[in-house]
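Undergrad: These are the residues of each chain, in order.
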Amino acid sequence: MAGSRNWQPTAEAFALPLLSLAGALVLFGIFVALGGRDPVAVWRLLFVGAFGDAFSWQNTLQRSAPLMLTALCVALPARAGLVIIGGEGALVLGGLAMAGLPYLFTPPAGWIGTLLLLAGAAAAGACWIALAGWLRVWRGVNETISSLLLAYIAIAVFKQLVEGPLRDPASLNKPSTLPLAESLRIGSIGSYDVHWGLVWGICLCVAAAFWLGFSVHGFATRVAGGNPRAARLMGLPTGRLVVTACALGGACAGLAGGIEVAAVHTNANAALIAGFGYTGILVSFVARHQPLAVIPVAILFGGFGAAGSLLQRRLGLPDAAVQVLLGFAFVLILASESLRGRLFTLPAPLRRRTSIAAVAGAR
Amino acid sequence: MPALALQTFRLSKHFGAFTALDQVSLDVRPGTVHALLGENGAGKSTLVKCVVGYYRADEGAVLIDGRETAIPSPTTARALGIGMVYQHFTVVPGMSVAENLLLARGRVPARIDWRAVRAELEAFMATTPFRLDLDARPLELASGEKQKLEILKQLLLRPRLLILDEPTSVLTPQEADEVLGALRERAHSGDCSVLMITHKFREVSAYADDVSVLRRGRLVCSGSVADSSPQLLAQAMMGEGRVAPVTVGRLQVAAPGAVRLQIEGLRVMGDRGEEAVRGLDLQVCSGEIVGVAGVSGNGQREFMQALVGQRPRLAGSVTLEGRPFHARRAENRSQRVRSLPEEPLLNGCVGELSVADNMALREFDQSPFAWAGWVRWRRLAARARAWIEEYGVKTQGEGAMIRTLSGGNVQRAVLARELSGEADLLLVSNPVFGLDFAAVAEIHGRLLAARDAGCSVLLVSEDLDELLELSDRIVVMSGGRIVFQTPARDARRHELGAWMGGRHETAAAPQERAA
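Chains S and F supply the protein sequences, listed in that same order. So that you can map any letter, position 18 of the first sequence is 18 in the working numbering, and since no number is skipped, the others follow by simple counting. So that you can map any letter, position 61 of the second sequence is 61 in the working numbering, and since no number is skipped, the others follow by simple counting.
Since the hints were derived computationally from the structure, they do not count as laboratory data. There may be inaccurate statements among the hints.
To be verified - Chain S is faced by these chain F residues, among others (derived, beta-carbon under 7 Å):
#1 Val308
#2 Leu314
#3 Ala315
#4 Ser317
#5 Arg328
#6 Asn347
#7 Ala372
#8 Gly373
#9 Val375
Even for Gly, the Cβ is constructed at its ideal location relative to N, Cα and C.
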């Protein structure tokens, strides 16, 4: 009996997120139709704006780079059994470290200096998320809530410092830190308008996949996440594994902040708080916390973000309209989990009823 | 008389190949308290769930007041006047006692006239044996009071048959006396019949009129409490029909060697914050199987979890070959400690990972299966295939998720992982729970072989047959302590039964018979 259904988990792993995304697009179409816009035009623009030409591809890839890293901040702790949603805080602190460390010492010029600063950014993010993991393991604090609240604290610290002691007196309307020295910035790949952060994102996703799949430490982490009781029976140090996974995830998000500062903003300012940390949650869930799947999903969601401005210019929709699409997608992704393991066993009428229920629930 | 008469006629229930209930014919007389005894997995819960419509029996019938009655759902049972108090709490923690009681009545009007409801509830409270503050919230109530609230919720519905699943497990003896006394009074006044699942013999002899014992899905004894004794009931629960076959291995074994595992003054906290293991002392020698007998809920589970590292220890020392033992990975490896936990899928496997991954859990981080921090999956997969062959694990392949396997095959996979290689100490809990005959024989054979090879085995089991068959020495655990020990060849069932049934409560100090 189980044999004939062996393909089903794999098929479901692809079908559920794809169906959820399709459902989100349909709902988004209804949403814009209610606003008096043509949904077909909106759908077309979404894809043209994301993947229509070289310019939109560059825009898409530019945005997907930080998403890959913030998605890892959700995916790695998730494999250790924790739901961390505070990647935004780690990203912001990473950006702060990147722009703030040169106040403390003068980093060597060139790529060594950049690497040094990026290491600082990663360390800042790692500490922040590891703190949430530590609170969970040793104090029993719910890590989902604590990581979210820690993110608010991080943002407050960021604003306090950027608008206070670190403020560049020349930045008048838009409080910012002093710009990063020219030689420390991260440039574009060749002649394309895509910075090297994309390479960082892809490489770290691949590295994370190798770590989880083939390393002793990564496997131990998966065991601790899959069944803590079995892990303890095996004598594995579950608490340490969990906190390490959190630290690695936080380091990725911190790196995302550092790269955004060094490649896009050139200084730390409020524009860094753009929600990449929160979209990363969505990316990781759609990718089922699989680091390799994070790459294409981040590109897709980066594309949706890139298309937002096109929707604004062509159809007069507000820039934030894409957020509605992402919201629909997130709710449906979470709702689709209730169908896991049952998608192919539900009798047809029930299957229809359930999907309607899921749609109704989403609205 | 409003009290119901309940009978079941040859009730059977199967879960796959496992027979949970086997032709059980139970008779609960109206206006009596009927106790249902049996070890975990004996089928007590299945039986009452069939009666309250939670399960549908495969064969047999339920008779209410002598008439065959179909009970397809819990709603039907409620309409018939059958109330059930579950083992876990079903109160809403954040709502007041009054609100909880109103909810329990089922129909809540669109607008609640609280004054009328309160008056009604206060009038009801006056008729009940327990007093609870209507404005208190279960969050603030002690567990004993929550249990009373659960019972009140059912009494409010004026049940004609009240079924309780271990109602006193969270109560102090004084509270238990209060609750059970009130229920008995209600039954004897003819208001309702009471069927209660319990583990405690004291409550049976003090409060029940009739008692029935289930064992492995069969009704093994039923009758008046006046005609029974704790010893007889314990024997019925643990089984005595089967004569333990004399195993060849047992005759060949030499006297046990030196003390290997030494436990002194071990204290462990239970799930509800009570001390489950209270100063336990035990020694296990090499080449010896020590069987731990006891009625479940006397700390055996917490004891084993603390030994294997799944539960923190409060106090006490555990030494292995003279060295302290904390069940860390390095210690497990250097001292060669392996473990067969109960419910292996829950306690010893990662359900979402493959059979090969799970078989690798002991050795994935050491040579020759790891190199420079990387796991050599190909080697592990090859060995998993060999084990699947050797241990006869029925699976789609080593890459199948282990939770897709049947219970027996999960246990075989765990057995392969834990028993391959030479172990010096084996910590085993209920190893054959829910398994079929062939698997049982095989697992027992492997445990005996390990013992004959010089391994020390600590075996906790709820099945006295199994303990008598395998052990060299049997100790009885009761109230979180070892209260009695004896060489297995001298063990007498009625004596073990008496100790399990709580004889130590009257005896001054633990006794030991000369080995």
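Undergrad: Name the hints, by number, that the structure is in violation of.
TA: 2, 3, 4 and 7
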